[in-house]
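Chemist: Quick note: the sequence shown uses our numbering, first residue -2, plus one each step.
FYI, nobody ran anything at the bench for these hints, they're computed from the structure. In this text, a Cβ means the ideal position worked out from N, Cα and C, and glycines have one as well. A few of these clues could be false.
Stated by the list, open to error - Quick list of simulated restraints, FRET-style, between CB atoms:
hint	residue 1	residue 2	range
1	Lys171	Gly288	44 to 50 angstroms
2	Pro119	Lys171	22 to 28 angstroms
3	Glu117	Pro265	29 to 35 angstroms
4	Arg237	Arg194	44 to 50 angstroms
5	Asn133	Gly193	17 to 23 angstroms
6	Pro137	Asn202	32 to 38 angstroms
7	Phe22	Asp103	36 to 42 angstroms
8	Pro201	Ala234	54 to 60 angstroms
9	Gly249	Asn133	49 to 55 angstroms
10	Pro109	Arg187	30 to 36 angstroms
11	Asn39	Pro265	49 to 55 angstroms
12	Asn39	Arg114	32 to 38 angstroms
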Amino acid sequence: MRVTRLTRMARLLGPAEVRDLAARFDIRPTKQRGQNFVIDPNTVRRIVRESGVAEGEVVLEVGPGLGSLTLALLEAGASVTAIEVDPALATALPGTVREFAPELADRLEVVPADALRVTEIPGPPPTALVANLPYNVSVPVLLHLMALLPSLEHGLVMVQSEVADRLAAPPGSKTYGVPSAKAAWFADVRRAGAIGRNVFWPAPNVDSGLVAWTRREPPTTAVSREDVFAVVDAAFAQRRKALRGALRPLAGSAEAAIAALDEAGVDPLARGESLGIAEFVAVAEALAAVGAPR
C-alpha cells in the first residue's frame, strides 16, 4: 500500500492567492477550456492523500491551471510533469512554484500541449495520474493517457460528478455505459468522494467527484482494443436496442450479429449495459470469427 509523507510544507494557494495570480498574469477563466481553479488548500491536500502518491513518485498532472494541485503534489514529495494547453498558464506555472515552494521547483516539468494530442511525455515515465480534469474532455483525456502510458499504475482524477458516476459504474447499473466499459479495460475504477462547488473559482454550476483507479492487465484477446471498443460504442449507440439490433451495422447483418452473440454466449436480446468488459471482448472475437466487416 502506498504511503504519502509530507517532506516539506509548500505555501498553497487560497482564494486571495488564486485571484492575485490570475490578475497578475491576465488570466480570465473560460468555460471553453473548463477552467475552474481550486482555491482551498484542504481540498488539494485531500486529493493528494486520497491518490496514494508516494514520495519520489513521478506524477502526471493534466490542466494544472494556476498551480493549486501542483504545489500540493510537490509538497508530498512527488516530481510533477504538468501538461497545460493554455500558453499563458503554462508559462506562468514554473514562476509560481518558484515563488510558493522554491525548494521544490526543480521537481516540476511543464509540457505546453493539448493532453488529447500528446504522443509522448518527456522525462522519467510517470507512475501516477492526479488531475483536476477539464469537465468537457475528462473521459477522452483519461482514456487517451491510460492507453498512451502503460507506466501509469494508479491515479485519482476530479471530474464532473455525473461523469465520476459513469466511470465507476458496474455492469447492470443505470449509469453504466461507454466510459465505464472502456475504463474497465485498463483499470479497476472506484468512486473516491465528492467535492463541493465552493472550493473553486469561478464556482462551476455542477458538482464534482473523485475517481480513483488502479491499473490491471487488459483482457487477453486475439482482437485489438480498437475492435473491442468498436463493439462497446455500437452497443451503447442506441441504449434501448437489444444487442442483436445494436450490433447489426457493425456485424453487417442481423444474422451475423445474432451468430456472433450466440458464439460469445451472450443473449441476443440483452442490452449493452448488462455486459462487462470480458463479454465485450468475447463478442468482438466472435464477430471476427464470423467474418463481420471491420
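Chemist: Indicate, hint by hint, whether the structure satisfies it.
Modeler: Consistency of the hints with the structure:
no.	hint	result
1	Lys171 to Gly288: 44 to 50 angstroms	violated (35 angstroms)
2	Pro119 to Lys171: 22 to 28 angstroms	violated (42 angstroms)
3	Glu117 to Pro265: 29 to 35 angstroms	violated (43 angstroms)
4	Arg237 to Arg194: 44 to 50 angstroms	violated (33 angstroms)
5	Asn133 to Gly193: 17 to 23 angstroms	holds (20 angstroms)
6	Pro137 to Asn202: 32 to 38 angstroms	violated (21 angstroms)
7	Phe22 to Asp103: 36 to 42 angstroms	violated (22 angstroms)
8	Pro201 to Ala234: 54 to 60 angstroms	violated (29 angstroms)
9	Gly249 to Asn133: 49 to 55 angstroms	violated (35 angstroms)
10	Pro109 to Arg187: 30 to 36 angstroms	holds (32 angstroms)
11	Asn39 to Pro265: 49 to 55 angstroms	holds (52 angstroms)
12	Asn39 to Arg114: 32 to 38 angstroms	holds (34 angstroms)
Figure legend: structure checked against the earlier numbered hints; hints not met, in rising order: 1, 2, 3, 4, 6, 7, 8 and 9.
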